[in-house]
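Asks: Chain by chain, the residues:
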Amino acid sequence: MIKLNVASVMVLNQEEALDFYVNKLGLEKEQDIHQGLFRWLTVRAPGDPGIEIFLQEPGPPVQDEATAAQLRELISKGAMGGLVIQTDDVRGLYEILRARGVADFTQEPTEHFYGIDMGIRDPFGNAIRILQPAKVAHAATA
Amino acid sequence: MSRQVEDLNRRLLRARDAMDRAYAEPLDVRAVAAVAYVSEAHFIRTFRAVFGETPHRYLQRRRVERSMFLLRETDRSVTDICLDVGFTSLGTFSRTFREIVGETPSDYRVGHGPMAAPHCFQKATTRPVAAAGAVRPAGSALRSSSFGEAPAATSP
Numbered sequence: 271m272i273k274l275n276v277a278s279v280m281v282l283n284q285e286e287a288l289d290f291y292v293n294k295l296g297l298e299k300e301q302d303i304h305q306g307l308f309r310w311l312t313v314r315a316p317g318d319p320g321i322e323i324f325l326q327e328p329g330p331p332v333q334d335e336a337t338a339a340q341l342r343e344l345i346s347k348g349a350m351g352g353l354v355i356q357t358d359d360v361r362g363l364y365e366i367l368r369a370r371g372v373a374d375f376t377q378e379p380t381e382h383f384y385g386i387d388m389g390i391r392d393p394f395g396n397a398i399r400i401l402q403p404a405k406v407a408h409a410a411t412a
Numbered sequence: 014m015s016r017q018v019e020d021l022n023r024r025l026l027r028a029r030d031a032m033d034r035a036y037a038e039p040l041d042v043r044a045v046a047a048v049a050y051v052s053e054a055h056f057i058r059t060f061r062a063v064f065g066e067t068p069h070r071y072l073q074r075r076r077v078e079r080s081m082f083l084l085r086e087t088d089r090s091v092t093d094i095c096l097d098v099g100f101t102s103l104g105t106f107s108r109t110f111r112e113i114v115g116e117t118p119s120d121y122r123v124g125h126g127p128m129a130a131p132h133c134f135q136k137a138t139t140r141p142v143a144a145a146g147a148v149r150p151a152g153s154a155l156r157s158s159s160f161g162e163a164p165a166a167t168s169p
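Residue numbers (my numbering), protein chains in the order written: chain H, 271 to 412; chain S, 14 to 169.
Any given hint could turn out to be false.
[Stated by the list, open to error] Computed from the model, here is a short list of chain S residues facing chain H with C-beta under 8 Å: (1) Gln17; (2) Val18; (3) Glu19; (4) Asn22; (5) Arg27; (6) Asp30; (7) Asp33; (8) Arg34; (9) Ala47; (10) Tyr50; (11) Arg61; (12) Val91; (13) Met128; (14) His132.
Because the hints were derived from the structure by calculation, they are not lab data.
Note that the coordinates shown come from a computational prediction; the quantities given were computed from them, not determined experimentally.
For every residue, glycine included, the Cβ atom is placed at its ideal position computed from N, Cα and C.
Could you put together the complete structure from these sequences and hints?
Replies: Spelled out as structure tokens, the structure:
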């Protein structure tokens with residue numbers, strides 16, 4: 271057996287990231303372990319304990335300062351990849367995010383043959399796509 | 014210093030996102046620069062330094078990418094598509110399309126059918142690269158003071 275357990279998202283500030291991913295986006299904090307300068311901080315979707323996102327802040331001891339500076343620059347120009355998240359109600363989540371002060375929408379909820387999706391950025395520039403799969407696809411995987 | 018760079022990058026990215034969202038509307042560079050809280054001249058210069066092309070060219074590639082999508086997926090006329098994606102002159106659209114894609118809109122349509130990939134994937138990955146097949150006159154990439162169809166002034 272092999273399956274996805276933890277993937278990481280590079281962030282500029284772990285506290286700010288925690289606030290966004292938990293209080294705005296609605297994920298839950300899973301692990302928060304301090305080891306010297308290093309902080310192992312993960313979040314996950316509610317009710318989905320198997321898959322975690324490591325909110326990783328570049329810097330020592332994992333990266334040297336120069337490398338961290340390069341990473342921070344790439345994060346802030348949106349060049350570091352991102353996440354795709356699923357929901358059963360994109361439009362509802364859109365309203366919730368707006369009510370919570372999220373303004374960085376790269377795409378309003380839009381219908382496609384595969385479902386309805388929208389795009390946002392986290393506070394640092396990482397792209398997050400949120401997808402509500404079409405009913406057909408939903409039924410097929412249920 | 015580093016924090017300032019990150020903060021500026023983030024604001025430029027927000028302005029770039031605004032172009033990706035509102036490509037179909039008549040955009041002027043002053044309004045987009047305002048999204049990043051910088052002056053027009055500073056916006057053009059720093060955008061180019063950070064993203065490797067002028068905001069004008071970035072917007073053109075977004076518009077051309079969307080026109081490629083509509084040419085592949087719909088039966089709309091080239092003129093309608095030109096207007097749909099934010100160009101106001103068929104001449105400018107055809108010239109820009111050919112410069113970026115390497116063939117005319119009509120020829121492109123004949124050679125390509127619909128794609129099955131998700132929309133966001135298409136939008137990100139089928140976007141023509143900055144200099145595909147185009148030989149540009151020296152200094153032309155700097156001409157970007159306007160997003161409209163008016164002749165663009167040359168930046169100093």
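Asks: Each hint needs a verdict: does it hold in this structure or not?
Replies: A quick look at each hint next to the structure:
1. Gln17: With a closest approach of 11 Å, the Gln17(S) hint is violated.
2. Val18: holds, 6 Å
3. Glu19: Where the cut-off is 8 Å and the nearest Cβ of chain H is about 4 Å from Glu19(S), the hint holds.
4. Asn22: holds, 4 Å
5. Arg27: Holds. Min distance 7 Å.
6. Asp30: Hint on Asp30(S): holds, closest Cβ of chain H at ~5 Å, below 8 Å.
7. Asp33: Holds, about 7 Å.
8. Arg34: holds, 7 Å
9. Ala47: violated, 15 Å
10. Tyr50: Hint on Tyr50(S): violated, closest Cβ of chain H at ~14 Å, above 8 Å.
11. Arg61: For Arg61(S), the interface hint is violated, since the closest Cβ of chain H sits about 13 Å away, which is over 8 Å.
12. Val91: Hint on Val91(S): violated, closest Cβ of chain H at ~24 Å, above 8 Å.
13. Met128: violated, 11 Å
14. His132: holds, 5 Å
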